[in-house]
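So the protein sequences, as listed, match chains Z and F. Okay, so the first sequence: first residue is 1 according to the numbering used here, each after it adds one. Okay, so the second sequence: first residue is 284 according to the numbering used here, each after it adds one.
It is possible that some hints are incorrect.
[As the list claims (entries may be wrong)] Some but not every residue of chain F turned toward chain Z, in silico, with C-beta under 8 Å:
hint, residue
1, G298
2, F300
3, G335
4, I337
5, K341
6, G342
7, K353
8, L359
9, I366
10, I371
11, L375
12, M383
13, R388
14, I460
15, M462
16, S463
FYI, nobody ran anything at the bench for these hints, they're computed from the structure. For glycine and all other residues, C-beta sits at the position ideal for the given N, C-alpha and C.
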Amino acid sequence: MSDQHPRTKVGSLSHVWISAKYNFLNYFRARRFYVMLAIILIISGLLTALVGYYRPPGFVGGNALGFYGAGWGSFANFVVVLSAAFFGGDAISGEFQNRTGYYLVPNPIRRSAIYVGKWIAALAASTIVLAVFALIMVANGLFYFPGSIPWQFVESVAFAFVYMVAALSLAFAFSSLFKNSSISILMSVILLLFVFDVVDTVTSIVAGIEPWFSITYGAGIVSNILTVPYPAAKSVTPVGPGGRFAIAQFNATVPEGLLILGVYFIVMAVLGLVLFERKEFTS
Amino acid sequence: MAPSIEARQLSKNYGRFTALSSLDLKIQGTKCVGFLGPNGAGKTTTMKILTGLIRATKGTALINGVDVSKDKKGALASCSTLIETPEIYPSLTPKEALSMLCEIRGVPKEEKNKRIDEALARVKMTEWEGKKVGGFSKGMKQRVNIASTLLSDPEVIILDEPSTGLDPRGMSEVRDIVMSLKDRLVFMSSHLLAEVTEVCQEVAMIDHGKLLVYDTIENVTAKFAGGGGAIEVGFAGAVEEPLRLRVSKIPGVLSVTKSNDRHLIVKFDNAAVTQDRLFELVAGLKAGALSFTPASGLEDAYLSLIKETL
Numbered sequence: 001m002s003d004q005h006p007r008t009k010v011g012s013l014s015h016v017w018i019s020a021k022y023n024f025l026n027y028f029r030a031r032r033f034y035v036m037l038a039i040i041l042i043i044s045g046l047l048t049a050l051v052g053y054y055r056p057p058g059f060v061g062g063n064a065l066g067f068y069g070a071g072w073g074s075f076a077n078f079v080v081v082l083s084a085a086f087f088g089g090d091a092i093s094g095e096f097q098n099r100t101g102y103y104l105v106p107n108p109i110r111r112s113a114i115y116v117g118k119w120i121a122a123l124a125a126s127t128i129v130l131a132v133f134a135l136i137m138v139a140n141g142l143f144y145f146p147g148s149i150p151w152q153f154v155e156s157v158a159f160a161f162v163y164m165v166a167a168l169s170l171a172f173a174f175s176s177l178f179k180n181s182s183i184s185i186l187m188s189v190i191l192l193l194f195v196f197d198v199v200d201t202v203t204s205i206v207a208g209i210e211p212w213f214s215i216t217y218g219a220g221i222v223s224n225i226l227t228v229p230y231p232a233a234k235s236v237t238p239v240g241p242g243g244r245f246a247i248a249q250f251n252a253t254v255p256e257g258l259l260i261l262g263v264y265f266i267v268m269a270v271l272g273l274v275l276f277e278r279k280e281f282t283s
Numbered sequence: 284m285a286p287s288i289e290a291r292q293l294s295k296n297y298g299r300f301t302a303l304s305s306l307d308l309k310i311q312g313t314k315c316v317g318f319l320g321p322n323g324a325g326k327t328t329t330m331k332i333l334t335g336l337i338r339a340t341k342g343t344a345l346i347n348g349v350d351v352s353k354d355k356k357g358a359l360a361s362c363s364t365l366i367e368t369p370e371i372y373p374s375l376t377p378k379e380a381l382s383m384l385c386e387i388r389g390v391p392k393e394e395k396n397k398r399i400d401e402a403l404a405r406v407k408m409t410e411w412e413g414k415k416v417g418g419f420s421k422g423m424k425q426r427v428n429i430a431s432t433l434l435s436d437p438e439v440i441i442l443d444e445p446s447t448g449l450d451p452r453g454m455s456e457v458r459d460i461v462m463s464l465k466d467r468l469v470f471m472s473s474h475l476l477a478e479v480t481e482v483c484q485e486v487a488m489i490d491h492g493k494l495l496v497y498d499t500i501e502n503v504t505a506k507f508a509g510g511g512g513a514i515e516v517g518f519a520g521a522v523e524e525p526l527r528l529r530v531s532k533i534p535g536v537l538s539v540t541k542s543n544d545r546h547l548i549v550k551f552d553n554a555a556v557t558q559d560r561l562f563e564l565v566a567g568l569k570a571g572a573l574s575f576t577p578a579s580g581l582e583d584a585y586l587s588l589i590k591e592t593l
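Using the sequences and the hints, build the whole thing.
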């Protein structure tokens, strides 16, 4: 038959870009993006006000590195986890629950292109949020310590970005596992904020084993890099009467932390993609 | 090559439940084919397999000869779909939502806006093109969904109950749109037999996951409607049992069933009584008969082929 309107062949990379572009547009206009920004502004505003009023020595008593360690180091991972859960937690499950997948999937586009595009869009939205937090920290830091941005802070921001990449992959994997948006968001938040931390603590203290398998253990490099000297890989503190008991504390080294986050990114990205490819749009 | 849709031994199980059982169906050429069956018969399952939303347990689904499970991108390259009632990203406007599909489908940049404008005008959504879809009613969203199927001039269009959520005017407009899709293969599921009769040339009926018949509407009606004629008679007041019995006693009448409170479907033997004579006889009962409409033969065929509704 004659085709009045010709079509051009669209490659998978172009499809990834199209998926990323429109998903980002959707994120950018959605209420949750502004809610997330508001949360960051509230955290930053409170920090700015409290530090400005009380001048706690932990923040302003020492050097610039101490300031960034107390401010950025304490909250960066929280911001990363919240962003990953907000933008990645229901990225795939929402396609099923909200039925938007019925609009997008039955088209000449691979599911992998949709998945990667959505991941890039979520990363872009999360990066904006993290960047806003970093900029507010820098503005505060420059106010108290003019002309001084320690290189460790720059490294920490880079590590936080790597953590975000890994955390988003994990959130996407959970999003592909469940068809219910609330459950997938909740699972991501609970796992990244509580479960991994509890596992890290229990594994270190009770079993005396390094929690090399935990994403939050690897993400420890975000705050550890702001400590000089860098915390020891393993330290043992005697406790109890006569020091009969010992509590072990582990800290991932920078290469180890990056490796853990890298492995999480790859494994979770593949897992999430496989789950999405296999998942069926059943009512 | 003529556009085609083909199911070869297509089966789908959900655990122990068989939604589709060895469906063999080949549709080829430019026409509109209605896909009928009761709820749970396997219509949507078939369409979902054809569009890559679910996978078949066994068998093959092909569009234009391309296996959907092996090359979805190739199979759907010239196919537009509307399965159930899709939702559009709520923060996008209709123009953006359609623009996304244009880009995915490879509509040339210089034609994109023109086609979107045409499609939106066709479904009467032009004045809403810049508003966010999240605030739209179900019917408005469905209009945008219908517009999305018109964007890339596909050879094959798969529509799963396209009138869902639309008001009567919207339904009529959808019928007009489908009828205007010349030189296309349209495969459309619907529960509205009048709609199928009006817009389709062929019909496939399915029940319990099995294909019962696939033929032209004329042939299906002739084979399965039970012969004779049928009219629907409308009355001024509610139809009670005594009136139904009086109508059934008219010579040449084979059966009389209530289609609703004020209407009776009267099946009659063409050899024994003509339609105009029947008209006179029913009017002669002085029971308040107001209208005489030929009943759909397809409905008879449907009822004779499909004995129960899940």
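Self-check item: Hints that the structure is at odds with (numbers, increasing)
Solution: 1, 2, 5, 6, 7, 14, 15, 16
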